[in-house]
Amino acid sequence: MQMEEFKAKAQEVVTDPKMSFHQRRHYMAYLAESSLDYPEISDECAHALEKQIICDLFEGNAPYRPRYLLPDYQKALAQGSKFLELEPPTDFDDALTFLLILYTQVPSITGYPVYLGDLDSLLMAYVDDVSDEHLYKSLRRFWISLDRMLPDAFVHTNIGPHDNRVARMILRLERELYQVVPNVTLKVDPEITPDDLIEDGVRTVFENGKPHFVNHPLMTRDLGDKYGVVSCYNSLKRGGGSHTLVRMNLREVALQHTGDIDSFFETTLPHYAELTAELTEARIRFLVEEAKFYEHDFLAVEGLIDIDNFSAMYGIYGLAECVNILLANTGSEATYGHDQTANDLSYRITKAVSEFVESRPMPYTEGNNGRCFLHSQSGIDSDLQVSAGTRIPIGTEPSMFEHIEAVAPHHDFFAAGVSDIFHVEETARRNPEAMVDIIRGAFAKGMRDFTFNLTTNGFIRITGYLVRKSDVAAFDEEGGRHGSTLFGAGSVENSHVEDRAVKRVGVRERTPAGSSQ
Amino acid sequence: MSARQLGHLNNYLSFSLVDGPGNRFVLFLQGCNFNCVVCHNPYTISLCDGCEVCIPACPENALSVGSNIQLDVNLTTCTDCDICVDVCPSDSTPLSRYVTVEEMLDAMRPTAAFLSGVTVSGGEATQQPQFVFDLFSAIKADPELNRLTTFIDSNGAASQEVWELLAPVTDGVMLDLKALDPQTHLEMTGSPNTEVLSSIRYLSQIDKLYEVRLLVVPGANDSPDALAETAEWLHSVDPKVPLKIIGFRKHGTRPEADVFEEPTTSHMAGIGTRFEDTGFKDVLVI
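Just so you know, the protein sequences line up as chains A and B, in that order. Just so we're aligned, residue 118 is where the first sequence starts under the numbering used here, counting upward by one. Just so we're aligned, residue 213 is where the second sequence starts under the numbering used here, counting upward by one.
Possibly wrong hints are sitting among the right ones.
Derived pair list, reagent style SDA-like, types lysine to any residue, alpha-carbon separation capped at 25 Å [claimed, not checked]:
1. B:K493 to A:D312
2. A:K343 to A:E250
3. B:K452 to A:E316
Note that these hints are calculated values from the structure, not bench results. None of the values given here were measured: they were computed from a predicted structure.
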């Protein structure tokens, strides 16, 4: 970037009336970073990056902090912090204050911590002599502080898989406060987590769109039991994290391809898969060898993170479009999510990418035995005509069971996260046990991470009578002739999620600095 | 082992959130002994008599005279347009079919991990007691399916013998009470309610009554006196029974139901309160 261009952009940022002081400072830092040279990559790699066939998610030219880090908060609480001049807390309120202070010192790509710890298990050690009333008051204050002090939608906490009173109180506060922050994941182990806690989670989803449910046994298989789900459903090792996230746009890769499907797997896909790896490697080397983050940051010095627990996320997205384009090239009309041939091709693609990632050595990724973690990337707001990760395009999802059957086989490959959203009838609100059934079934089918959305604009069975398919078709065409009678009473006034104030809270990962350029 | 009874099925759903506790597989059996003015699924009332009126009406020519009384349906050309159902002079459908117990078990297997159980609805499930018994017995005996609970959604017009047959393999019954007053019941359903009331009493005694559903049709069965008597009678029979109070909705009903209005939300809420005031703890108004 030339100096004149830099100045013009900086001027624009500091005078932008739409941005708060903090946002302006964040963008100014991004601009400064953008004025530096990009880590050295091949011309081919630079070209693919420029064409957005591969994408660094606008992390910046000179990575000086890991994308995501997951401090070992348990260790911090036990040993205190020299850097922050804090003794180990000895009671519940001190523990909350300790954590709040520490959070302000945890970097990430967004500038806010993406992981707050597994707050229920962290806090259980301090609540033995805390009354329910005290627990409620202090945790409520803490919860409001998180939302106001860390206003980013990717600030994320985990609870479960064990039932306990802190987890219950967190869910209660979620239903009560309707905050965007923090994002919440409920770890579910079918053997350990009682139905009752899952059902509490389901009731919370109906109120506030959170939590996501994760398959704890599958996570521990891939990451060990010290893992956390952070940011936008990225699962990583605690005490570690991810240096960077580079993603391959499979739609664009498919558009580059000429030839049949087999040759896609022999030439085009491995070509761009390697360029993605090259970009990842260059970014990791800069962060570790030039910026030397892991040598000087107090989190590393005090042992709250360890570079040996880190890896990098290797992301893919646009699988649906990739499949549909490759099939259309052969004259087939089969589409992902609806036809077995298309689904089979999609599994072949994720398997091929997974095999590539497993075979490609990567420096400083001891957290995953010298390899990247595969991640199904769920998109940023500048993505157009391309579906998140391995998701079925929005609006074309089949019925829930078919939906689960179609996407579940992918979940096995994505240790660093993959998630789906299922749309359920408004009537589910009256039958949360049914959602518990579906969660258990989905995990039995191998799903890793998902949540629900209530659909309030569809054709809904109120109670046990059949709705004919012809009625559904008529409903779609006539735009809801029966609408007022078929929607569950109170659905609209109960959907708080849509009208909550999101303006104050940023979504700094989905709308990264620079993504509009 | 003697051959299991065939079931006469209208249709089934692999996932249902509204037919009992949890997520359920639901079979809608064909044929009902009531003829309710406000029926939402009138095409499940009668069995097809083979009159063939629907054959030329089908725009896809998917229907033909079958080997027995049931018509043959070409499922590859059928588009679910339901014109055959609309032209049927007998409140039936050529699309219902006979199914075996094994066929139904196989249909449940793929989604079994997602289910709390199986519900048999209708039509009127108790009109085919042997099939329901065979189906539920087979579920209970199947190592893959035996954790599923078995429920019946019924209009209550079944004899004690039927319930005695079904009770050992049935976990719960959801039962409709359309009206306590015999005359009102007769007008609304075409049948007396003697058996319905006996069924409620009997199922409560043997602890199989999962819930009673009360349909509210404004002007037909919701006078303050009728509601008070219903509440009092139900309370005397089973003060703990969960109640689901369902407002009449026009969807799917025949033209003779046009004279009725759908109840307002506040009217329904008032009725819910009335039942709660009588002492019922578990009242859900829909």
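Against the structure, the hints:
1. B:K493 to A:D312: holds (23 Å)
2. A:K343 to A:E250: violated (31 Å)
3. B:K452 to A:E316: holds (24 Å)
The structure is inconsistent with hint 2 alone, although it conforms to all the rest.
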